[in-house]
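S.K.: What follows is the residue order along each chain.
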Amino acid sequence: MTGSISLGGERRAAWFQPAGILPGFWPAFGFSALYLSLIVLVPLSAVFLKTATASWAHFWGAATSPAVLASFRLSFGASFAAALVNAVFGFVVAWVLVRYRFPGKRLVDALVDLPFALPTAVAGIALTTLCTQSGWIGRALAPWGIRVAFTRLGVLVALVFIGVPFVVRSVQPVLADADREIEEAAISLGANRWQVFTRVVFPLVRPALLAGFAMAFARGLGEYGSVVFIAGNMPMKTEIAPLLIITKLEQYDYTGATAIALVMLVASFALLLAINLLQWRSRRFAEAE
Amino acid sequence: MTRIQRILAAFVVMAAGFGQAGQGSVTLLNVSYDPTRELYQDYNAAFSKYWKAKTGVEVTVKQSHGGSGKQARAVIDGLQADVVTLALAYDIDAIAEKAGVLPKNWQSRLPNNSAPYTSTIVFLVRKGNPKRIKDWNDLVRPGIAVITPNPKTSGGARWNYLAAWGYAMRQNGNDETKAQDFVTRLYKNVPVLDSGARGATTTFVERGIGDVLLAWENEAFLAIDELGKDKFDLVVPSVSILAEPPVSLVDKVAGQHGTTAVAKAYLEYLYSPEGQEVAARNYYRPRLQEVATRYGNRFPRLELFTIDEQFGGWLKAQKKHFEDGGVFDRIYQPGR
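So the protein sequences, as listed, match chains A and B.
Just so we're aligned: 203 in the numbering used here is position 203 of the first sequence, and the numbers increase by one with no gaps anywhere.
Each number in the numbering used here comes from the position in the second sequence (counting from 1) with 289 added on.
It should be emphasised that the hints constitute simulated quantities derived from the structure, not laboratory data.
Errors might be hidden in some of the hints.
[As the list claims (entries may be wrong)] Once the Cα atoms are required to be at most 25 Å apart in a straight line, the calculated PhoX-like pairs of lysine-lysine come out as: (1) Lys477(B) <-> Lys237(A); (2) Lys477(B) <-> Lys423(B); (3) Lys420(B) <-> Lys50(A).
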């Protein structure tokens, strides 16, 4: 809980708050900072440094060419849409897995993690095979004029596939921990099912749902392996930003590649920060209620 | 074997691999591109035998395969290649320029522009050629789906593109506007741009997408060999590009490894009758006339132009066609 007691009169207590009475805050904090720096910050700062060697004109030219802008729109748009789809259906899956008992439940539970473990190229190839005009799904959709493979819809399908576990796995434990008595109390106080859901269940899982959404979104932005197979990679239409990074590298245009990477990095960081803030507010809101 | 035993065995094998090569044995690393897997498997065995007989030294050649540009980047970033055998001279130029581990005049060190074998770009079509695709101009007909990878990410695809361009220039009296119009129409017929040559082959062969695949001659032969003669036909256009996949010693790395002599011999042996024989057996066109005659009817005759003749070298072709804002980018600009 966030209710905090400042231990001692030291100034640092106002900034750093050891959680509870366990000793070893400083070593643990120091280690976390070091670990994060080594694993996350050092590689990322290399991106910044590499970009810094380029002239501003080259950087700007690489980051704002029409093909690159189109790929940003596709990458951010499709990742956002896929995370949204996953937030809705991932919630439903988590709900079913927590609240119902049915034969084969463990199997279904294990299935959820498959997109984590499967090499993304395998996922991409399998999805593409299914979705082309001669594949099972592609053939079924063709009469309606819906084409999945080699269109933006295909990108969305791949991103939904790889993002499923994030929402399910973040919502599931929260739902499992949720006290059903609260729901029963709400019903006994005269709430209908819709009210129970919107006023009781949803606020409880909202932070976890946002966290799952953010992870699925971030994963979608960086995803390469599965998407390149199904997207068709047509310039200006279905080229995702990570593919353009590879393209630049193939041309030995290291600075161009890092320019795109940097824009993706900054934009993703801003978006994730915003989502985290939202999640933090939503948790406080839930606790205040 | 239990799992633990298996893991232990794996470690032993790895340790042996990392361990000092014993007396009288030497290891080379050949960094190559995708479609040469079969070729070099064959060739390495032949060379080991030859070198053992000549010097008594056991040579093990390790192979690394991948997209040509990717492989070149790995060498630039420090992959310890003794020799490189890549898809295009531009990639070895990049190694010379960016890493400085081999001299810039590398291409003049071995005969035939350092390309011991050649290949060309041909068409693979469905059995019986239902769309009657005979030559390049059939590829721009409306309703024909052409499969070729993205020339910005694939070395092989650059040869495809340049072959089409060369054909168009010949047909239109070297009128560049018309040639550009021709390749634009051709790429409008491409439903999916895979990032590599193998990916494009999969799209065409396994997924059944497209009417024609633009492919390396050796890849087309392999596809027919492996997937059955009853599924695909090979169509040879009237004119195509002479693809010269070059090889080079990586001087600095080989110098450090003390393998310069054997690495040089490895590349020179490619030009010998035995080396040429191996190349021809693996569907690469040999340079040596006697071997070429022996395999005469395997490699159909067609008019071939080189990249130097038509484009003035890789550097110019790359800059004009594939760099950002180049001709290829303009094909996909909206409003065309």
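S.K.: It remains to establish, for every hint, whether it holds in the given structure.
M.R.: Against the structure, the hints come out as follows:
1. As the CA atoms of Lys477(B) and Lys237(A) are separated by approximately 13 Å, the hinted pair is consistent with the 25 Å bound.
2. Pair hint Lys477(B) plus Lys423(B) holds up; C-alpha atoms about 19 Å apart against a cutoff of 25 Å.
3. Among the hinted pairs, Lys420(B) with Lys50(A) is inconsistent with the structure: their alpha-carbon atoms are about 50 Å apart, more than 25 Å.
Hint 3 from the earlier list is the only one contradicted by this structure; the remaining hints agree with it.
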